[in-house]
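There are 2 protein chains.
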Amino acid sequence: MVELKNDRFIRALLKQDVDVTPVWMMRQAGRYLPEYREVRKQAGDFMSVCQNPELACEVTLQPLRRYELDAAILFSDILTIPDAMGLGLYFETGEGPKFRKPVRTPEDVNALKVTKAESDLSYVLDAVKLIRNELGGSVPLIGFSGSPWTVATYMVEGGSSKEFAQIKSMLMNTPETMHQLLHILADSVTDYLNAQIRAGAQAVQIFDTWGGALSAHAYETFSLNYMKKIVSGLLREHDGQQVPVILFTKNGGHWLEQIVESGCDCVGLDWTIPLNEARARVGGQVALQGNMDPAVLYGSAEAIRDEVSLILNQFGKGNGHVFNLGHGIHQHVNPDRVTAFVDAVHELSAQYH
Amino acid sequence: MVELKNDRFIRALLKQDVDVTPVWMMRQAGRYLPEYREVRKQAGDFMSVCQNPELACEVTLQPLRRYELDAAILFSDILTIPDAMGLGLYFETGEGPKFRKPVRTPEDVNALKVTKAESDLSYVLDAVKLIRNELGGSVPLIGFSGSPWTVATYMVEGGSSKEFAQIKSMLMNTPETMHQLLHILADSVTDYLNAQIRAGAQAVQIFDTWGGALSAHAYETFSLNYMKKIVSGLLREHDGQQVPVILFTKNGGHWLEQIVESGCDCVGLDWTIPLNEARARVGGQVALQGNMDPAVLYGSAEAIRDEVSLILNQFGKGNGHVFNLGHGIHQHVNPDRVTAFVDAVHELSAQYH
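Residue numbers (the working numbering), protein chains in the order written: chain V, 1326 to 1678; chain A, 1326 to 1678.
The following block holds chain V by itself, in its conformation from the complex (with noise of 0.2 angstroms):
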């Protein structure tokens, strides 16, 4: 039985009363904490610092000593799964991830397995074991991964795109391998936030990052059905407390309504949908994470604390509401405005509950 010094994070994503708005953002350990990248010159490269369950660990923990953050996020990515497949992933400096062995055709999709968490992704797990105990309960621990169709999208671009030429036309002319592939993806990812769970993630969150590029049938059919599977096949309920699920479509605000069918417990939104329009659709059934411009946070404290009050006002009064920015912050951010942040919605959401 767990007892967090802290669950506003938790109370909050389950429409529980707070006595104000937790807070976290996407990235929060990462390229914009000096003390990170020094970790980051130590280690090598990034996937070294993912693979070592202390570094890892150490990185989660770093915004949380400069920040009253009401919750951890495990420092991962989302591309350990096609990893742990043996596509052979790799960063290259200011060109986001590679694989050395993109999925093409039906061959290189026939001859994916199912990853198991427990043994291909072991890394993964013991570094969420190691935080967990390291942060003794203060705050709860997330964990993450990407999602089935955000996943493929790399798999079968071989890296990021902008256009997605190649899994589109994938999509379009063999949908059969394109469905084979992502059921695969579905599979592997249900089994490893299960074993994030298992090893003591406190809430898991599913990072579809891509799927704003699809049309709204595709979206249904090629990213939301497999995260419905996903969250279909979740533990809910892990050492006597109930496990929150957050799904979170950049770029998929007009489909509210159907990603609350779902069944997760909170919809992540972006900074392009007003939360009190989210909230008239769907606030009702789920609570919302979000949603600042990380852009906002290259302002003055002033400026910072004036979108904060804003966007809490658009949420209103009521459960139900977690803060977040819409997308991860950016690398240049002054970590002091990260102070000016967090602070602001902590001071200015209490009139709120």
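Hints were generated in silico from the structure; no laboratory data involved. Note that this is a predicted model, so its numbers are computed, not measured. All C-beta atoms, glycine included, are put in the ideal place defined by N, C-alpha and C. Be aware that one or more of the hints could be misleading.
As the list claims (entries may be wrong) - In silico lysine to any residue, SDA-like type, Cα no more than 20 angstroms apart, as pairs: (1) V:1487 to A:1423; (2) V:1423 to A:1575; (3) V:1487 to A:1417; (4) A:1330 to A:1462; (5) V:1575 to A:1489; (6) A:1487 to V:1653; (7) A:1487 to V:1420; (8) A:1340 to A:1602; (9) A:1575 to V:1542; (10) V:1487 to A:1602; (11) A:1487 to A:1427; (12) V:1487 to A:1486; (13) V:1642 to V:1678; (14) V:1487 to A:1488; (15) A:1487 to V:1489; (16) A:1423 to V:1420; (17) A:1487 to V:1417; (18) A:1487 to V:1534; (19) V:1575 to V:1402; (20) V:1553 to V:1501; (21) V:1487 to A:1421; (22) V:1487 to A:1656; (23) V:1642 to V:1601; (24) V:1454 to V:1331; (25) V:1575 to V:1556; (26) V:1642 to V:1609; (27) A:1487 to V:1657; (28) A:1487 to V:1416; (29) V:1487 to A:1418; (30) V:1487 to A:1487; (31) A:1487 to V:1486; (32) V:1423 to A:1368; (33) A:1553 to A:1585; (34) A:1423 to V:1419; (35) V:1487 to A:1655; (36) A:1575 to V:1331.
To be verified - Calculated from the model, a selection of chain A residues having no Cβ within reach of chain V, i.e. all distances over 10 angstroms: (37) 1371; (38) 1418; (39) 1458; (40) 1459.
Since chain V is already given, all that's left is putting chain A on it; use the hints.
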């Protein structure tokens, strides 16, 4: 007085009766056509084609020789205005547009002057006149410009961007400088589009490619307000004919109601928003243009036909639909697929009129 042989496009923009749904494609004169690549190769670079009225005319007409398109669009670029301001536009292979002298400081903005198309961009107006003459009234010619916000992103970032760190810093920290730049651009765009209309453009489109990178309130303040200013300053009738205005904000589907208030005749849509939803929200007030994912053109003729059918069915019966892609056609599309696409729109849409 213009006598158009095919006026479907103009009629659809004005929500008048048509026999079949008109169709054109963003970037229909472009790299997917071997005859375009041939002209590009001879001319040297992209701007050399834009700046040579004969070549701009030739590539504008190329897609009309292959396909039964219902409109021509001027071959040009959204960055001709800042180029005329002296910022030194250039294109590096595979890198997109860049500026030698980005606009970063209040001094940089103070040094800018509103462009006058008749003197500063006469090559564009010469191209418009030549194309109109060559078209001989077969189909209407669309003129265009980038939106102030979108053009400003390239000017301030110095090129393409993912995170918009520079311009969003300007927006947050020196909003008065940001507004000054946008004012200069709005005045330049108004003059530019009116000059295109006087030269013969029969409809105009404002491309707001990056408005969707803003939050709802920032979009209104920093992008939509300036497009409103432009729309209210445009010639809406010329040579005895109405000149419809299309406003296209990529990822702007959440803000349809506000976009309609700009006074435009038609709203361009990307493929993330289903047409039935968009029509229910604003279809009574404006025409809608869109919205097939350009990646559908990687599919077979049959798959393309299925998607066209689905989109026509989403819009349903009635006036006010221009079929288009939700973004520019990709360069690796097989030109034969465009035949399948254009023909499918005409054949399958008759039943809706």
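Verification of the supplied hints:
no. : hint             : verdict
1   : V:1487 to A:1423 : holds, 18 angstroms
2   : V:1423 to A:1575 : violated, 27 angstroms
3   : V:1487 to A:1417 : holds, 17 angstroms
4   : A:1330 to A:1462 : holds, 6 angstroms
5   : V:1575 to A:1489 : holds, 17 angstroms
6   : A:1487 to V:1653 : holds, 12 angstroms
7   : A:1487 to V:1420 : holds, 13 angstroms
8   : A:1340 to A:1602 : holds, 18 angstroms
9   : A:1575 to V:1542 : holds, 18 angstroms
10  : V:1487 to A:1602 : violated, 26 angstroms
11  : A:1487 to A:1427 : holds, 16 angstroms
12  : V:1487 to A:1486 : holds, 12 angstroms
13  : V:1642 to V:1678 : holds, 6 angstroms
14  : V:1487 to A:1488 : holds, 14 angstroms
15  : A:1487 to V:1489 : holds, 16 angstroms
16  : A:1423 to V:1420 : holds, 19 angstroms
17  : A:1487 to V:1417 : holds, 17 angstroms
18  : A:1487 to V:1534 : holds, 14 angstroms
19  : V:1575 to V:1402 : holds, 17 angstroms
20  : V:1553 to V:1501 : holds, 19 angstroms
21  : V:1487 to A:1421 : holds, 13 angstroms
22  : V:1487 to A:1656 : holds, 13 angstroms
23  : V:1642 to V:1601 : holds, 11 angstroms
24  : V:1454 to V:1331 : holds, 19 angstroms
25  : V:1575 to V:1556 : holds, 18 angstroms
26  : V:1642 to V:1609 : holds, 13 angstroms
27  : A:1487 to V:1657 : holds, 13 angstroms
28  : A:1487 to V:1416 : holds, 18 angstroms
29  : V:1487 to A:1418 : holds, 16 angstroms
30  : V:1487 to A:1487 : holds, 10 angstroms
31  : A:1487 to V:1486 : holds, 12 angstroms
32  : V:1423 to A:1368 : violated, 35 angstroms
33  : A:1553 to A:1585 : holds, 10 angstroms
34  : A:1423 to V:1419 : holds, 18 angstroms
35  : V:1487 to A:1655 : holds, 11 angstroms
36  : A:1575 to V:1331 : violated, 41 angstroms
37  : 1371             : holds, 18 angstroms
38  : 1418             : holds, 16 angstroms
39  : 1458             : holds, 35 angstroms
40  : 1459             : holds, 31 angstroms
Hint violations for this structure: numbers 2, 10, 32 and 36, all remaining hints satisfied.
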